[in-house]
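Engineer: Okay, here's what each chain looks like letter by letter:
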Amino acid sequence: MKTSKLAENPGLLRRLRGLNLALICFALVLFLAPMVPYTMAAVSPDSATGFWDQIRQGDTGVTQIKGYESGNLINDSGIFWMEFRNKWISPGGAWALALSLVILVLAYILVGPMRMSNKPSGKTMERWNRADRVIHWYVAILFLLLAVTGLSLLYGKAVLIPMMGKNAFSGYMDLGKDLHNYLGPLFILGLLVMIVKWMKHNFFTMIDVQWFSKMGGMIGNQHAEADYINGGEKAWFWVLALFGIIVSGSGLVLDFPNYGQFRETMQTSALIHAASAILLLCGSLFHMYMGTLGVQGALEGMTSGQVDEEWAKQHHKIWYDRVKQNN
Amino acid sequence: MARMKFLCDSERCIECNGCVTACKNVNEVPWGINRRRVVTINDGEPEEASISVSCMHCTDAPCIAVCPVDCIYEAQDGIVLHNKDLCIGCGYCLMACPFGAPQFPMENAFGVRGKMDKCTFCAGGPEEDNSIAEYEKYGANRIAQGKLPACAEMCATKALLAGDANDVSDIFRERITYRGSNAGAWGQSMAYGRKAKD
Amino acid sequence: MKLTKLSPESGQDKAKADGISRRSFLSASGVAAGGIAASQLLAPGMMQKAQAATNPRKEVETKRTICTHCSVGCGIYAEVQEGVWTGQEPAFDHPFNRGAHCAKGASVREHGHGERRLKYPMKLAGGKWQKVSWDEAINDIGDQMLKIREESGPDSVYWLGSAKYSNEQSYLFRKFAALWGTNNVDHQARICHSTTVAGVANTWGYGAMTNSFNDMHNSKAIILIGSNPAEAHPVAMQHILRAKERNKAKIIVVDPRFTRTAAKSTEYVRIRPGTDVPFIHGLLWHIFENKWEDTNFIEQRVYGMDEVREEVKKYNPAEVEDLCGVGEEQMRRVAQTLAEHKPGTIVWCMGGTQHTIGNNNTRAYCILQLALGNMGVAGGGANIFRGHDNVQGATDFCILSHSLPGYYGLSAGAWKHWSRVWDLDYEWVKARFDQNSYEGTAEKPKFAMNTAGIPVSRWIDGVLEDKANIAQKDNLRAMVFWGHAPNSQTRGLEQKKAMDKLDLMVVIDPYPTVSAVMPDRQDGVYLLPATTQYETYGSVTASNRSLQWRDKVIEPLFESLPDHTIMYKFAKKFGYDQQLCKNIKVNDDEPLIEDITREFNNGMWTIGYTGQSPERLKEHQQNWHTFDFTSLKAEGGPVDGEFYGMPWPCWGTAEQKHPGTPLLYDNSKTVAEGGLTFRARFGVERDGVSLLANGSYNKGSEITDGHPEFSAKLLQQLGWWDDLTAEEKAAADGKNWKTDLSGGIQRVAIKHGCAPFGNAKARSVVWTFPDKVPTHREALYTSRRDLVEKYPTYEDRKSHYRLPTLYKSIQDKDFSKEFPVILTTGRLVEYEGGGDESRSNPWLAELQQEMFAEIHPGDANDAGIRDGQDMWVETPEGARIKVKALITRRVDRGVAFLPFHFAGVMQGKDLRSKYPEGADPIILGEAANTVMTYGYDSVTQMQESKVSLCRILPA
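Residue numbers (this note's numbering), protein chains in the order written: chain A, 1 to 327; chain B, 1 to 198; chain C, 1 to 955.
The set of hints was computed from the structure by calculation and includes no laboratory data. Virtual Cβ for every residue (Gly too), placed ideally from N, Cα, C. Any given hint could turn out to be false.
FRET-style restraints, in silico, Cβ to Cβ [said to hold, decoys possible]:
| # | chain 1 | residue 1 | chain 2 | residue 2 | range |
| --- | --- | --- | --- | --- | --- |
| 1 | C | Leu464 | B | Glu47 | 48 to 56 Å |
| 2 | B | Gly180 | C | Arg797 | 18 to 26 Å |
| 3 | B | Glu47 | C | Leu953 | 27 to 35 Å |
| 4 | B | Asp129 | A | Trp95 | 43 to 51 Å |
| 5 | B | Asp129 | A | Thr303 | 58 to 66 Å |
| 6 | B | Gly180 | A | Trp95 | 49 to 57 Å |
| 7 | C | Ile922 | A | Gln57 | 30 to 38 Å |
| 8 | C | Gly894 | A | Lys87 | 52 to 60 Å |
| 9 | B | Glu47 | C | Lys497 | 42 to 50 Å |
| 10 | A | Gly260 | C | Arg893 | 27 to 35 Å |
25 Å max Cα-Cα, derived BS3-like pairs, lysine-lysine [stated by the list, open to error]:
| # | chain 1 | residue 1 | chain 2 | residue 2 |
| --- | --- | --- | --- | --- |
| 11 | A | Lys166 | B | Lys115 |
| 12 | B | Lys115 | A | Lys157 |
| 13 | C | Lys751 | C | Lys772 |
| 14 | A | Lys324 | A | Lys197 |
| 15 | C | Lys882 | A | Lys66 |
| 16 | C | Lys884 | A | Lys66 |
| 17 | B | Lys115 | A | Lys200 |
| 18 | C | Lys884 | C | Lys909 |
| 19 | B | Lys137 | C | Lys58 |
| 20 | A | Lys66 | B | Lys137 |
| 21 | C | Lys633 | C | Lys342 |
| 22 | A | Lys66 | B | Lys84 |
| 23 | C | Lys128 | C | Lys497 |
| 24 | A | Lys157 | B | Lys84 |
| 25 | A | Lys166 | B | Lys84 |
| 26 | C | Lys496 | C | Lys882 |
| 27 | C | Lys798 | C | Lys497 |
| 28 | C | Lys751 | C | Lys657 |
| 29 | C | Lys123 | C | Lys909 |
| 30 | C | Lys582 | C | Lys572 |
| 31 | C | Lys128 | C | Lys501 |
| 32 | A | Lys166 | B | Lys137 |
| 33 | A | Lys66 | B | Lys115 |
| 34 | B | Lys137 | B | Lys115 |
| 35 | C | Lys552 | C | Lys63 |
| 36 | C | Lys430 | C | Lys573 |
For reference, chain A alone in the conformation it holds in the complex (with noise of 0.2 Å):
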């Protein structure tokens, strides 16, 4: 008996729970989907006394073994965890993956590449210079590793254990959680980095609303104009912001559990971050194929920091047309 520890104290773990509900119900509006009541407390009591009731519901007792929660004998919310993770964000995650793979095939497909209307002129203009370049690429590297260690980590039981076997598949994740654990932060730095120089181009204008009424000019001939960056570009970098943080932060939860955080708190940051992450990466799908594929010529942007004179006219008419301006 005696020695409680003081961190078992019942109001607090109260307050964090509500934290989490918050937290969970903000989950469940990233993924706007029909929730199954899967209750935390899905159990039903059969026994009749309080006792086994007050255990059940996670109330907290006192024992000799230090450590965090070791006071607590039931904590469910794992089952709830276990559940949504498996059961929602896991195959919801590589529906939405998929999805989105299918609608990029489809618009190639269907819509095609978006060609430069006009010949290349040959004059190039910058458009990145190179710290906007490095920045885009460390982030970018970075993502793609934290994205390939992540999906595994989700996905690789699934997929890469039938086909590398558990032996080796544990030899790279234990590599893959390390790299995913230590190359995080570095990502966040870059991210912040990245939002915070480019922040002020991405502003919505009207110039975007009117962009985003003709589809960017993605259907049918009409053109959108579109300044330095145009709306479809803008609102990545919004989602990339906002999630990007949100990520970062559930991440940052998981990535120092030397601050003894409360279990609910690991879990609710483990779904969020699933969650957003996979919500990140089907987005980066999206931008990936506008940057490769789906403009023709955009690509050269983001390597050589030139673009052509008419790609810039084309997609960009009102940076072209200032900078020509200025010039």
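Fit chains B and C to the supplied structure of chain A, relying on the hints for placement.
Structural biologist: Same frame as chain A, but now just chains B and C:
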């Protein structure tokens, strides 16, 4: 096939922590890792009750379902074991487990936890039975020696029962008959709301 | 199908609900299929990684030993490979514990690691610990002691022994001290159950647990007062809960704290600390009022109950409510429960004994059982749970300042008896002592040899008190702590002062103990490493009086030596090794254990330690499985009909094959089968009223009424003298049942169905004690000043156990304003005693990492203390300790509780750096007894460690 189960009779558990040290003893579990613990609810109040808890070797164990490297598995007799060579220390099993059973040697920055350790029902691990390698990684393999988990075998008041689920139920049922009430049973079902029998 | 190397339990099916038979599980599950063959060959895992490098296929030797923690006496199978203790297996066939263990028992294999042990003899020189050889240590210490003896007499060296000795070592130690020439010898029993032994022995003859743990299976009511077996004797709870389950036994827990045991009770009664007598008398009030007493039993077997009735009248319900804080309704309910659920047993421990009126408390408990007629029946009795593993044995061998082994006392007759057993000249033994008289008168001198020595609770006063006030030649100058943790004694600060003042301190222990670090000394301290009981062998007496044989599990670790070897080495140095071991073979300085057993078999007639020869004990040890789990009687097998461990009295010689006495005073059996009457110990009549039993006698007795104890003369009067053999006659002539070394008188008495010690009434009044009838007296430091006038303590005494002893002069001072909180102490399950051993065991230490005080939320809020915060506990004698606050309703408002196992921190100062390197316990903490205050029992000098006053302040 029989299933091995733990059941703790809270009407008998006195929080003597014998199960905890028995486990330390036979498995040489290091300081800071506790495969078993005793929790007292309503400490010092009239409804005080103590319960010994460890890995409950769940049917359809959540830890198995969430382990990303598939290192946790259900062995013969329903005992849930794990392979430390495969474990990457991600901590998912701890997040899923309703009983807080998985233990990690550390919880450091960048998610460094070391290999997961937990109650093996005194059944060792995937190594050869009672080999040195098995003992070093997982502790004793009493099951292979024809014995039961030390915690239950040494329980001061025979509150903690371990063994074939049917036999455990029989023993507990006999106690219920004597007592005329079914208070006290604590098993895996507590977390999932199923009857103790399964 | 043989599944395990252990033999299957007998009576397994019957005991099934108590545990799990491996067999039934394995046969049902088929698990063992692959394992059976392996189990024959393979060892369990190795103990450490380093050792795991050895081949796991080494042969396993299985030793049978007994847990060295508490007195329940749990059996253990220790598995040893090539001398290394590699496995510990539950002894399912052991009759006491059926394989069960508490935290301590389940971790005894750690003794085989012994990382924090004292590894070699050391001495303190210039404030540094220095390694020395055994020879050097014995020589140095011996020279200094002989010098002190020369200057100040033998009484200036104090031999503080231990309840951790085996019986053989206990006996040898008492003899060793006697041959040194002093009665300044004592051990832990003084501060645990001395008031029990005195109170109970003076009530019905023997001062021990009357029944057994197992016998509680038969109880229909169990009242525990000042006892918390869930933490102190966890395996006892197996038996108690079995009674609760199967007999629907009522479990009544009376305690100031809502303990873990209380949580399992059917009725919890919270009393104010130190009000046991009013509580018991309050029950008796209802019992007498409603005529619930057993009048027939009282008439036949109890003396003096009328005087008790008179006294009890004072404790009417209103008075009891005022004194104890228990209302009339609950008192009546408890009394009625006890009256209606028979047989019922009473259990008490330190909560009852450690008081200035401890002897009153213990006698009150006895009277309750006598009034209810619960004595001498299965399921009844006074089940007094002893503390240490062999505190019963060490008490029986009287490592006590007031008696020789077997409670023979210190009279000339007692010395002559033992001199005869030792085969030594009485005059030579006498000459070893200080020849002066300090306590008697000129006409009636009382020589040092015949006066009780200083008790362990008071040794500090033996050092610090003015020489003129001590009834011996000089102050204590050398102190030998031989298996003793000083933090188990109150008045810690004065103890430190005494340690500083001593000429010489010798600590003989497997661990340095806090004795090594308490004093601020530069030199004059020696630490000698003794082994644990796992590194030697011999017999140990459990609380229920059963003797159990231990195997040696491993060879002594490091340079440690078994206690009896160290005794012999000292005796050799002092020049009485020949006398010490006259009948005992000595191999390489180690006296042969079996020879020691045989020697005490030859002398311990009073309490029947005579029939338990080493051979019989070993036979019992090898046949654990044949004894019944409830009656402890062997069914079939080589020891058919005997009771496990031959609970004393096991009358006569080993050849007489007495089965032992499982229940004291049970007259439904013949004496030859373990039956007994109350002992005729207090004479045959008093004030014209017979003290002998009235129309009550045990089954088969040829004398069908009370009778006095047997002597040669009585045998002749009865015409039974010729039942003795010629040899017996020669030995028995002029002797009695206690002094006849042939055992003939006992044999003949038993042959005629009579108890050798007579057949008398138990007495509920003890005319030789300060309070003839148990009565309440307020504690010296009481918060109820309003009660002091009506229930005052005793007058101060000039010489009690050689020392002035204060009562009234302390109680007269009112500390209740400055120190408003009642302070009490108790045990934790993970640790034992002073805790040096258990706090050095990582498996246990991890479970209790901080010293704390339990305080009520109300008091905490008043003092501004939050849970987990550091706080000071300060007591009237000026001591203070810094501990963690544990806020809980387990204690009542106005009561604080301290666990007493911690030490190594003193008044906020950590002493870890003072331990010899590598021998510091893993966990240190403030010792509760640093702050516990003055107060000693009026009969035995038991310390008051259950009631004091304190104030609590945030740190």
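Engineer: Determine which of the earlier numbered hints do not hold for this structure and return their numbers in increasing order.
Structural biologist: 2, 13 and 17
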